[in-house]
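Assemble the complex: chain F is given as a structure, and chain G must be docked to it using the hints.
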Amino acid sequence: MEGGGSDGSDLDNLKATELKLGLPGTGEQEKLPSILPRSSKRAILEANEGPSKRNSSEIKSVERDQKPAAKAQIVGWPPIQSYRKNSYQAMKMEAEPTGMYVKVSMDGVPYLRKIDLKVYKGYEELREALEDMFKCFSLGEISRMNESNGYEYAITYEDKDGDWMLVGDVPWEMFISSCKRMRIMKGDEARGLGSTP
Amino acid sequence: MAIKKKKELDTEEKSPENRILSFPDEVLERVLIFVKCHKDRSAVSLVCRDWYNAERWSRTHVFIGNCYSVSPEMVARRFPNIRSVTLKGKPRFYDFNLVPPNWGADLHPWLVVFASAYPFLEEFRLKRMTVTDESLDFLARSFPEFKALSLVSCDGFSTDGLASIATYCRNLTELDIQESGIDDLGGSWLSCFPDSFTSLEALNFANLHSEVNFDALERLVARCKSLKVLKVNKHVTLEQIRRLLVRSPQLTELGTGSFSQDQKLRSDADLESAFSNCKNFNTLSGLWEVSSVYLPALYPVCANLTFLNLSYTALQSTELAKLLQNCPLLRRLWVLDTVEDKGLEAVASSCHLLEELRVFPADPFDQEVIMEGGGSGVTESGFVAVSEGCPNLHYVLYFCRQMTNAAVATVVRNCPNFTHFRLCIMNMCQPDYLTNEPMDEAFGSVVKTCSKLQRLAVSGLLTDRAFEYIGTYAKNLETLSVAFAGSSDRGMQCVLEGCPKLRKLEIRDCPFGNAALLSGLERYESMRSLWMSACNLTMNGCQLLARKMPRLNVEVIKEDESDDMHAEKVYVYRSVAGPRRDAPPFVLTL
Chain F
7 MEGGGSDGSD LDNLKATELK LGLPGTGEQE KLPSILPRSS KRAILEANEG
57 PSKRNSSEIK SVERDQKPAA KAQIVGWPPI QSYRKNSYQA MKMEAEPTGM
107 YVKVSMDGVP YLRKIDLKVY KGYEELREAL EDMFKCFSLG EISRMNESNG
157 YEYAITYEDK DGDWMLVGDV PWEMFISSCK RMRIMKGDEA RGLGSTP
Chain G
44 MAIKKKKELD TEEKSPENRI LSFPDEVLER VLIFVKCHKD RSAVSLVCRD
94 WYNAERWSRT HVFIGNCYSV SPEMVARRFP NIRSVTLKGK PRFYDFNLVP
144 PNWGADLHPW LVVFASAYPF LEEFRLKRMT VTDESLDFLA RSFPEFKALS
194 LVSCDGFSTD GLASIATYCR NLTELDIQES GIDDLGGSWL SCFPDSFTSL
244 EALNFANLHS EVNFDALERL VARCKSLKVL KVNKHVTLEQ IRRLLVRSPQ
294 LTELGTGSFS QDQKLRSDAD LESAFSNCKN FNTLSGLWEV SSVYLPALYP
344 VCANLTFLNL SYTALQSTEL AKLLQNCPLL RRLWVLDTVE DKGLEAVASS
394 CHLLEELRVF PADPFDQEVI MEGGGSGVTE SGFVAVSEGC PNLHYVLYFC
444 RQMTNAAVAT VVRNCPNFTH FRLCIMNMCQ PDYLTNEPMD EAFGSVVKTC
494 SKLQRLAVSG LLTDRAFEYI GTYAKNLETL SVAFAGSSDR GMQCVLEGCP
544 KLRKLEIRDC PFGNAALLSG LERYESMRSL WMSACNLTMN GCQLLARKMP
594 RLNVEVIKED ESDDMHAEKV YVYRSVAGPR RDAPPFVLTL
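Sequence order for the protein chains is F and G. Just so we're aligned: 114 in my numbering is position 108 of the first sequence, and the numbers increase by one with no gaps anywhere. Just so we're aligned: 218 in my numbering is position 175 of the second sequence, and the numbers increase by one with no gaps anywhere.
Just chain F, with the same shape it has in the complex (with noise of 0.2 Å):
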């Protein structure tokens, strides 16, 4: 910068209009950064008012008893482009609970399979899709839903009590909320199950 006179002035013309958020006379400390952001627009996370030096500790402290207050967002912080921000926002929308993942074990195949109970539509999509996930092991077709008489497996489920329920017996809706998982078990054992008390 050139070190002539007149851009002297020109300084202090400047440095004697200017506003500033601390006190008179105080404007050549070393400040700690300020973290209040000047536009009133956008939230404020701390107010670091007056010059008062403050250390790094007391900010912390300061910081962990304001903690309990949700922090507001501050806009483009952290700096990650929207479309990676909204590729995140659907990942933990799907990752959440309300996706229903149950486990299916198949009596005789040696691992399980998981599936999204929330994916079908009814109980007919449920049985195609269990039957072609396992159809490389069964020797039969898995029964329909209400009736076990004749058919080599039939598919039950644990519910929320704990207990193993023929799958079909209750509206979809209902079953899909009370579903822990799924057992598709060998005719013999579910015949026990289908028969009206």
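Check the hints yourself; a few may be wrong.
Said to hold, decoys possible - Simulated pairs of lysine to aspartate or glutamate, DMTMM-like, Cα-Cα distance not exceeding 20 Å:
id : chain 1 : residue 1 : chain 2 : residue 2
1  : F       : 120       : G       : 311
2  : F       : 109       : G       : 219
3  : G       : 170       : G       : 219
4  : F       : 124       : F       : 165
5  : F       : 109       : G       : 332
6  : G       : 365       : G       : 384
7  : G       : 79        : G       : 166
8  : F       : 91        : G       : 565
9  : F       : 91        : G       : 222
To be verified - Some chain F residues well away from chain G (every beta-carbon gap over 10 Å; in silico):
id : residue
10 : 90
11 : 93
12 : 106
13 : 114
14 : 129
15 : 168
16 : 175
17 : 177
18 : 178
19 : 181
20 : 187
21 : 193
Source of the hints: derived by calculation from the structure; they are not laboratory data. Idealized CB from N, CA, C, for every residue including glycine.
Positioned in the frame of chain F, the structure of chain G alone reads:
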């Protein structure tokens, strides 16, 4: 013919001056064809008038880092034979919503001039430009030889614009619309590629929101035998990917769609065999909603992978570890912080050739995260672990919630060759969490140790000392990003005085005022741009700068602020085109 001429000249002329004087222009132009880098070409053009002319006639690719630094007419006048244009528009902080919409950087005026100046134009590579459907339609109809369109972080267009490109660009080889904000009016644009169209080599629509017509996509992939790059969006299922791979085993870069449970998937073995048939993969991305049960299908293609982008995949550390065991040649890795420090330790043990690491936060706005050992995401120990296992690391982008000065010092001791060091401690103004001191020493050690450093982004609690270090040691620094840092004008002054190669300086929410701004008077003409927002600048200070430096555009963005004296957002850049003629009402050119 030209070569013979040169030999005759060499034997005839004895004195060096004569030899240069009678060097035919055509020969010089032929030689200059091999000079590709635009910085080298700039240097060539400054040697003398003859070389300036030879250079301008032989240049086929022009790079314009700031669309307002020059006008399209000036470009057309100087360079008559351009085939490829790279154009960048809005300031980078536009990506973080700090620049209001409708700010500018419209492509259209450039298209209008170039349509008559360069009718044989083949490529447009655009970043942060506003591109409308009308512009895309105009482009598609105006340039019959058009081959490659790359739109990174652009907005203003919809899938209708893409339909125009597909319909009219008969020689298209590349269509890449990554990271762009597109108005989705449905996926039928893909069907607009005529059946006779077979030239496509690269297609990237990974960030498009709507489904595309899969049949059209499958037929397109099947008939484009030169297709090397295919990056689909998350609506494409696993089974559909399998079918696409069967049609295009020659792919080198794949961005998958959703990698999760798919009822229609014939069998896992089929998926694996489809992947095994692809012997040439070097890049893998996408992998939205991954079910770890399908990850092993990828193992066959991992052996030659050099770039793995898992930044949309919420992997856990064990899943990542297993995957990376198959990727010994990896050079670039992008992950989410769901992999945690343990995942980064796996990186360190499997990927010794790693050069670039980017760790993105899965939950950037989670205010409830408690640190001190119980937090989620990655910490300083993951960072140190990677530096220990990957000595070639030179590019890092690291989002974390805690860091220490000692850890950063260790990292750069292990990896002294950093060219790009971008550390984002997400809690603002956070000190070293162990010592409670500012993070000045961390960045001090970075600039002292990494003499090749070109790009630096700082964060955490920082005083002017950090900037003193930067000004003293970062002699190769070209780009600096600063947020919520510094104590006084001195910080910014140190950087402006000390970093001779500085080209881009972007600052937000720092206590730098007019004195700091004006201390850079001599610097701004050798820089591309300066951005300062939410600092302590006033209109007076900006006006003074504008008055003293007439070849700079000093623009203030005023978004109905009540405080008329304060300059909330300031953008300063050199220009030979004069003040903007298309500035919206909220952009004041001083």
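Taking the hints in turn, this is what the structure says about them:
1. 120(F) with 311(G): OK: residue 120(F) and residue 311(G) at ~15 Å, within 20 Å.
2. 109(F) with 219(G): 40 Å, violated
3. 170(G) with 219(G): 11 Å, holds
4. 124(F) with 165(F): Holds, at about 16 Å.
5. 109(F) with 332(G): 18 Å, holds
6. 365(G) with 384(G): Roughly 15 Å between the alpha carbons, so the hint for residue 365(G) and residue 384(G) holds.
7. 79(G) with 166(G): 15 Å, holds
8. 91(F) with 565(G): 39 Å, violated
9. 91(F) with 222(G): Answer holds: residue 91(F) to residue 222(G) is near 11 Å, not above 20 Å.
10. 90: 7 Å, violated
11. 93: About 6 Å separates residue 93(F) from the closest Cβ of chain G, which leaves it inside 10 Å; violated.
12. 106: About 13 Å separates residue 106(F) from the closest Cβ of chain G, which puts it past 10 Å; holds.
13. 114: 19 Å, holds
14. 129: For residue 129(F), whose nearest Cβ neighbour in chain G is about 15 Å away, the distance exceeds 10 Å, so it holds.
15. 168: 27 Å, holds
16. 175: 24 Å, holds
17. 177: 23 Å, holds
18. 178: 17 Å, holds
19. 181: 18 Å, holds
20. 187: Fine: 16 Å to the nearest Cβ keeps residue 187(F) off the interface.
21. 193: 25 Å, holds
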